[in-house]
Amino acid sequence: MRILSIYLIGLVFGIGIVISGMANPAKVLNFFDFFGIWDPSLIFVMGGAVTVAFFGYRLVLPRPRPIFEGRFQLPTATRLDARLIGGSALFGVGWGIAGFCPGGALPALGTGRIEVILFTAALLAGIFVARGLQARLRNRNSSAATTGA
Amino acid sequence: MRTGYPFCKTLLALGKCRHDAESLRKRGMIETAFTPFQSLAGGVLIGLAAVLLMWTLGRVMGATGILAGLLAPASVYDFGWRAALLAGMVTGPVAYLAVTGEMPPIEVPVSTPMLLIGGFIVGVGVTFGSGCTSGHGVCGMARLSKRSIVATLSFMVTTAATVYVIRHVFGG
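Protein chains in written order, with our numbering: chain S, 1 to 149; chain Z, 1 to 172.
Rather than coming from a laboratory, the hints here were simulated on the basis of the structure. All figures in this text were calculated on a predicted structure; none of them were measured in a lab. The C-beta atom is built at its ideal place from N, Cα and C for all residues, glycine as well. Keep in mind that a hint or two might mislead.
A short, non-exhaustive set of chain S residues, derived as facing chain Z with CB atoms under 8 Å [said to hold, decoys possible]:
1. 50
2. 75
3. 129
The following block holds chain S by itself, in its conformation from the complex (with noise of 0.2 Å):
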């Protein structure tokens, strides 16, 4: 029951992708060549997406709990740092390059087609990559911590 309805809300998000024009990388593209062949599409994507959170979260946030867990997982960082910024500038340029984001290429790895599944490839190597960066960005720090330094 669990998992069929967590399917089920995976698959209300693929279906969304799909017929926004998210997992279409010249529509993204498109979206952001303002001083080309603009195509304003994405701004109803968003404003639609986060309009429907906004009043959703507000009727779901205040209950005790969610359906199949003890409590809300929310986001507790509130610093806005350097790699919040810089992480975020990143992914930018990775996006303006390629043309797929993560959101949208998950559900497009649905068709098959053999960019997404490159793209998807490349996605995972630099989440790995960065993973591993972090790791040690960690340790380095604590074992600065413990030597004084």
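The hints should help you fit chain Z onto chain S, whose structure is shown.
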């Protein structure tokens, strides 16, 4: 050829913007139709899925987080719901095929090396930035999270700048 690209006209007057069929093809640019209603409907479904995930599991719907969690799941249960969510997402195009009789359009005006380089950079960026378009751009913005608003502004600016440089500085 589609007409009426508002900002392009300005550059066109300066001789800096060409979008006749041949120069577009040479630069690998593919024209797309303006689809406000379809895109809005898609956006509403994306938002709905985010709300449903919060209602059932109490989690934000971020593609980065879901994927990263699949690579290093905390438990069997943790892996299970992430895999179910991903399986649902991947079935999206199949549902689209069942209703419309064709696969959703995926046009890739990008060479394979650029696709790979872009994908790798996206992976590094979303890991350090703790999220992407779905996590920061939809869920975080809807929660009015300061971090997500800043992250979204940050990647929107660099994406637009990157597209500008590729298409109009190097590609022009």
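Can you give the numbers of the hints that this structure goes against, from lowest to highest?
none
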